[in-house]
Amino acid sequence: MKRSLLFAIILAFGIGLVGFSPETGSDFAEYKRLPMHKRIERMQKSGEDLFLRRRYEDAIKVFETILALRKTDLKAMLWITKSKNEIVRERNDAEKQALYEKNDGYLIPKDKIYGNWKWDPSIGHFEVRYSEPKPYVPPVRKVRPKATDSEIAAALKKAKQGSGNDIFELAMLYWSRKDRENALKHFHEAYKKNPEVLGFDDEMMLLTVIDEIDEKIMNSKADASDLYEAGRLHLIQGDRMTGVKYLTRAVALDKKMLGNVSEIFAEFIDSPQTSLVSVLPEIYAFRQAFVHNKEGDFIYLYLNLVPRNETQIISIDLNTPLAAVKGIKSDSKDLLFAYSRPGLDETTRFWFVLPEKKDDIFDYEIKAIIEIDRKKTESLELSNFALNDLYDNWSFVIGPDVNFVSIGRGENESEKDGLRITGFHLPIYQGRGPYIKFSDFTEPITKKTDIWQLMTPKEYKLDTESEESEDAASEVAPLDINDLDIGL
-13 MKRSLLFAII
-3 LAFGIGLVGF
7 SPETGSDFAE
17 YKRLPMHKRI
27 ERMQKSGEDL
37 FLRRRYEDAI
47 KVFETILALR
57 KTDLKAMLWI
67 TKSKNEIVRE
77 RNDAEKQALY
87 EKNDGYLIPK
97 DKIYGNWKWD
107 PSIGHFEVRY
117 SEPKPYVPPV
127 RKVRPKATDS
137 EIAAALKKAK
147 QGSGNDIFEL
157 AMLYWSRKDR
167 ENALKHFHEA
177 YKKNPEVLGF
187 DDEMMLLTVI
197 DEIDEKIMNS
207 KADASDLYEA
217 GRLHLIQGDR
227 MTGVKYLTRA
237 VALDKKMLGN
247 VSEIFAEFID
257 SPQTSLVSVL
267 PEIYAFRQAF
277 VHNKEGDFIY
287 LYLNLVPRNE
297 TQIISIDLNT
307 PLAAVKGIKS
317 DSKDLLFAYS
327 RPGLDETTRF
337 WFVLPEKKDD
347 IFDYEIKAII
357 EIDRKKTESL
367 ELSNFALNDL
377 YDNWSFVIGP
387 DVNFVSIGRG
397 ENESEKDGLR
407 ITGFHLPIYQ
417 GRGPYIKFSD
427 FTEPITKKTD
437 IWQLMTPKEY
447 KLDTESEESE
457 DAASEVAPLD
467 INDLDIGL
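If you count the sequence shown from 1, position 189 lands on 175 in the numbering used here, and the numbers rise without skipping.
Note that these hints are calculated values from the structure, not bench results. Mixed in with the good hints, there may be bad ones.
Said to hold, decoys possible - The calculated DMTMM-like cross-link candidates involving lysine to aspartate or glutamate, where the alpha carbons are at most 20 Å apart (straight line), are:
#1 LYS312 with GLU357
#2 LYS24 with ASP59
#3 LYS434 with ASP375
#4 LYS47 with GLU76
#5 LYS312 with GLU281
#6 LYS242 with ASP212
#7 LYS132 with GLU113
#8 LYS344 with ASP200
#9 LYS231 with ASP197
To be verified - So the derived label-pair ranges between C-beta atoms look like this:
#10 GLU34 with SER261: 33 to 39 Å
#11 ARG294 with LYS202: 25 to 31 Å
#12 ARG163 with LEU239: 26 to 32 Å
#13 PRO181 with THR134: 26 to 32 Å
#14 PRO430 with ARG294: 38 to 44 Å
All values reported here derive from a predicted model rather than from experimental measurement. The C-beta atom is built at its ideal place from N, Cα and C for all residues, glycine as well.
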């Protein structure tokens, strides 16, 4: 009896616990309490999981549910399209496999591959037409008869409107009268306005002129004007290396052409054609010096180099703002022209045109003076990162000692005529040079000084005194045995 009573009490207690415990919540009820973005995120994850398990139909239902909640969900639209494409692909693969098995490895039965095609009106109507081959007839060249004075006058009046084609017609009329000077003059004017006129030269005027001048050059009878004209025409016709060579030769023969040739090179450097003639040279020495004198602020640039592939146009980038470059001039016979143009990363690219040298082994010593406008910039950095592994790579600061407030000591320290010369060996600093603050440079150099001589580091100077002492020591008078007291 006691056992029955104890069992009933335990059973009642268990039933009571079960009956009075809270009802277990369903997953759907928990899902309904989630925010909208959480619901979509979970459904998106489950849909992608179904897609990866190749349950594309179920995945489509999940993504359609997402679209029912958010109609503009592009991600769900994309996955629906991907799922439908996979269903079509699997169906096609199954049909192909069935055909392969049915036709012994062919989609179409062997006997039906070529025999099941019939010419039908629905295909269309075709006709095969045969024509006899026609001989090539070159286009008719436009050769102008000798122009009269009235035709020249009418062409001059028409060319004043400024059209490149009209000016070209005037040039060709002059050419018909064998007036080469006026013909080339108006041709260059027309080419500047419309380069397409180069293709209208049916009478081969440019080729004729170039052949005549080249013959003179071969016979050493060409003067500066011939070389100048040949250089311009070679540049226009694409032989840029020869054009640069002839123009520099013209300047060497006649210094009066410096202005005209400089304008041609300035236009040429502004064009993208410089990449076809400019190659990075072999540089053996790079030195730059900052100088503040009575005339202003200047950077003296010295380069010792050998051009590659006989190029005569080279370039180098300096950490100088282009807006602060007032001008640049040559100070050596190895540099004809110098130009400043925008470089990379707020640097300035300096272009140099070199004269022609016919020696088998030659090098150039370029000396250029760059004028800086301190109103355009407050400071300057004499760095050279492009040649940081070059041994002879120096930056100098030259001036009175009072200006060196923020300039530290360099690897080359000297003093001459009251001027302090501080040289920084750039390879030690990975190409970074001294930082120049223009506000510190208040006292200019007043004496006339050879800056190029001061830019030579000590290790490159010849120590004449030590050499003389060594020579004197080597020239000792020979010993005479009679002068020696050896106790005999």
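Status of the hints after comparison with the structure:
| no. | hint | in the structure |
| --- | --- | --- |
| 1 | LYS312 with GLU357 | 5 Å, holds |
| 2 | LYS24 with ASP59 | 14 Å, holds |
| 3 | LYS434 with ASP375 | 34 Å, violated |
| 4 | LYS47 with GLU76 | 18 Å, holds |
| 5 | LYS312 with GLU281 | 12 Å, holds |
| 6 | LYS242 with ASP212 | 14 Å, holds |
| 7 | LYS132 with GLU113 | 53 Å, violated |
| 8 | LYS344 with ASP200 | 18 Å, holds |
| 9 | LYS231 with ASP197 | 16 Å, holds |
| 10 | GLU34 with SER261: 33 to 39 Å | 51 Å, violated |
| 11 | ARG294 with LYS202: 25 to 31 Å | 30 Å, holds |
| 12 | ARG163 with LEU239: 26 to 32 Å | 29 Å, holds |
| 13 | PRO181 with THR134: 26 to 32 Å | 30 Å, holds |
| 14 | PRO430 with ARG294: 38 to 44 Å | 40 Å, holds |
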